[in-house]
Amino acid sequence: MRAALTVLRKDLTLELRTFETVPAMALFSLTTFVIFHFGLDRSTVSGQLAAGVLTVTLLFAALLGAGRLFVAEREQGGFDAFLLAPVDRNAMLIAKAAALFIFLAVLELVAVPAFALLLLGPPLWPRLLGLIAVLALADLGIAVIGTLTSAIAIHTRARDLIGPIVGLPLLIPALIATARAAGPLLQAHSSGSPPGKWLAVLALYDCVFGLVAYAVFDFLLQE
Amino acid sequence: MTSYGKGLRALTLSTVATVTVALALVFFYAPLDADQGFVQKIFYLHVPLAIVSLCGFVLGGLLAIGHLRTGDRKWDLRSYVAIHMALIFGIGGLITGSIWAKASWGHWWVWNEPTLVSFLIVLLLFATYQPLRFSIEDPERQARYASVFAIVAGAFVPLNFIAVRLAQQFVHPRILTLGGGNLPGSMRLTFIVSLIGIALLYATLWKYEMAAKSARMQARRLRRSLLGGDAVRPLGRSAAPS
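Which chain is which? The protein sequence lines are A and B, in order. For what it's worth, numbering that gives the first Met the number 0 labels the leading residue of the first sequence as 0, then goes sequentially. For what it's worth, numbering that gives the first Met the number 0 labels the leading residue of the second sequence as 0, then goes sequentially.
If we strip away everything but chain B, and leave its shape as in the complex, we get (with noise of 0.2 angstroms):
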């Protein structure tokens, strides 16, 4: 039995510490945009939250191999983890990246972005991963067909953007370009330090849920050897790895 507990006050601190640099460079180190303003600040928040979000979708399938290749069931509970913080990663980087398309552009959609669009689209499949486990009941079964989800799923993260990107017009400024972007040195040095501050969140985030859920496994099953089977209340059906 892996301790997830195990340096997660560390990784927490270190969380905590990172997010305050980040904000603090955010409010007082980078400076305003010249024709945006305050409100490009969100960018901060936005483009890292969906980055991590993606890197969260394909790193789920990557987990999902595992679980695959040796038929764990550790392997698809941390699969799902990982999706389902991706998942909510993932709203965070939609609604403000809507808040930051009703500032800049004057609406809070905006269809010839394809960013945007391919994230709602990446959204809208992985949002099927929830409902899909929870029409299997059996656990094991659950555990193989959500891991074959997840793979497939993950490798359609970076196809999906292709498509949605050669279908349209660029809008968005290109920030990442391989190139290094158009960001100055201030901006840049903020950006990566969010970027760095968000993932770190995830990390944690997905080590508290780990932790959290291994622990009431292992407590169900140290309850059901003490007291007897009758004694532990049989699950109800679950979306989530048992």
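Just chain A, same shape as in the assembly (with noise of 0.2 angstroms):
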């Protein structure tokens, strides 16, 4: 657990110096939002459209950070250094996970706001709570998973390609499901509750990717 906490804070304080990934991943939202806007010719969206465009968005910008997860690990000879330590290698799934995690929850602390600002129909107060959780749990499969398919696709040659192709059919699930539960969230006239039934597979897939991730990881660090 310590040797995960030593490569978050590594990471985290690499981002705080360089400020690389999540300022590219907000800003590629807010330009998708507005792609959206006249993509759909409209100015405002509720409901099921609100929670398409919304998750879209989030996902695309994910995948873009999932994609730097392992860069400075690969060339600056951080595996190695990684592999050479007596640590639980799965401490590096873990670290990279919450890594991952964490720049997600930050992304959408601006990127919700700029969607509630720019295209949401509904105010965004009544149902802020419910669009936390489905987004907590929308964020924790796709940072296992955009770890997992980052570690693979670091070590490929054609890894830009082979990430967000591996990535995106292995996310559909938790992408249908996040829309399914925003949906109702977004609409005019919401309870402001998130339908438990999509909340329920969220953290079904969040549960079985998170224990096959913890399975496999170690074969993706061998040399």
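It is worth saying that the hints were derived from the structure and are not from the lab. Hints are supplied without guarantee of correctness; some may be wrong.
Unchecked claim - Residues of chain B clear of chain A, computed beta-carbon distances all greater than 10 angstroms:
| id | residue |
| --- | --- |
| 1 | 8 |
| 2 | 219 |
| 3 | 226 |
As the list claims (entries may be wrong) - Across the chosen pairs, the derived CB separations fall in these ranges:
| id | chain 1 | residue 1 | chain 2 | residue 2 | range |
| --- | --- | --- | --- | --- | --- |
| 4 | A | 4 | B | 94 | 45 to 55 angstroms |
| 5 | A | 222 | B | 65 | 19 to 29 angstroms |
| 6 | A | 203 | B | 184 | 33 to 43 angstroms |
| 7 | B | 232 | A | 5 | 23 to 33 angstroms |
| 8 | A | 105 | B | 165 | 25 to 35 angstroms |
| 9 | B | 234 | A | 159 | 53 to 63 angstroms |
| 10 | A | 47 | B | 94 | 28 to 38 angstroms |
| 11 | A | 34 | B | 94 | 30 to 40 angstroms |
| 12 | A | 222 | B | 50 | 38 to 48 angstroms |
| 13 | B | 50 | A | 105 | 16 to 26 angstroms |
| 14 | B | 232 | A | 13 | 38 to 48 angstroms |
| 15 | A | 222 | B | 234 | 51 to 61 angstroms |
Backbone N, C-alpha and C fix where the C-beta goes; we use that ideal spot for every residue, glycine too.
Grab the two chains, each in its own frame, and use the hints to assemble them into the complex.
Quick look at the structure:
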């Protein structure tokens, strides 16, 4: 656990010093909202359409962040150093998934208010708590799958291609559940609580892939 | 060195026999569907193809566990061939499904049809298996990463079906419910024989490809030891285990 915390602290320090990943993700999301505005030709969206726009934007921004996750390790020889250290290899999975989760949470602190300001028809406040619950569960799944596919892709020749094409289909169930859970929330007259069925699917997704990733991650780090 | 040629003849013959019986049952024994007529008979091809291909994907994941546990590359070859065959069967299932959808619902593609949609998602995921393998040069790493992918994707198959099924209304006839479904007896018998036939076909093709691949590897190894390393041309980059 201490190893994971150390790697996580290293990643967060790196991000705080360079401001490389999260600002790019936030900027990407804002641009995507503008594109959706013109692409859909709407000044406000609500309900399932709003949920779709928000989920897709966050998902693509997350793929952007996931692609950067292991770049420093690969370029600076961090993998070798980590393998030489007498620590559990899954510490890397936990640290990287936690880092991606934090990146996503910070991204959403910017992107969700911006979405409410730019595109969302109904006001954000009454549904904020429900949306936070949905997004937290979604971020967990995205963080785990993003870390796993990024770790697979980083050692391939076409890593910028392999990461997204493997990650996207794997994330489709999470995307379905997130969009369906957020859809009723973002309707004009919403009860403010997300549908439990979809929260359960998201939680199941997070559990299954969390366990699978924990079981197989070891093998991605061997030399 | 396991010999995959052993029992291949018996397996092939029983596959031919079962598929012949299945086709005979489909065309001469099973009754015509009351409202879909003749085109419903594609069901005896489409559903077994889809089921066998999904089982093949999961099997690929299970075989990949063998590779990660033992570190023996022959498990990777088995897993590769299982997924390769399942992909081919899956594309067959998708095409026959599309034809059936056109004939009975009037559209080539029906979005509010959970089984078809989840099947497409699974295929999209497994379509990245070969590109992933192809872009890793070191064979040992390629085998390891492909196994990790196969396990994750194998776990993905059932989860994906749950998510997509919950998201849509049912249009598809639910023929494989736990209660036995609503197929009349003669149709069910035909369906089961077809399913066995297609499963045997999968097993036979798997065995053939395994036999061919391992024979080729063995031949390379023999040539190298007899004629020296220079006599054997180095393999090009390949998605298949080598």
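### Message
Hints numbered earlier in the text: which of these fail when held up against the supplied structure?
### Response
Hint check: 7, 9, 13, 15 fail, others pass.
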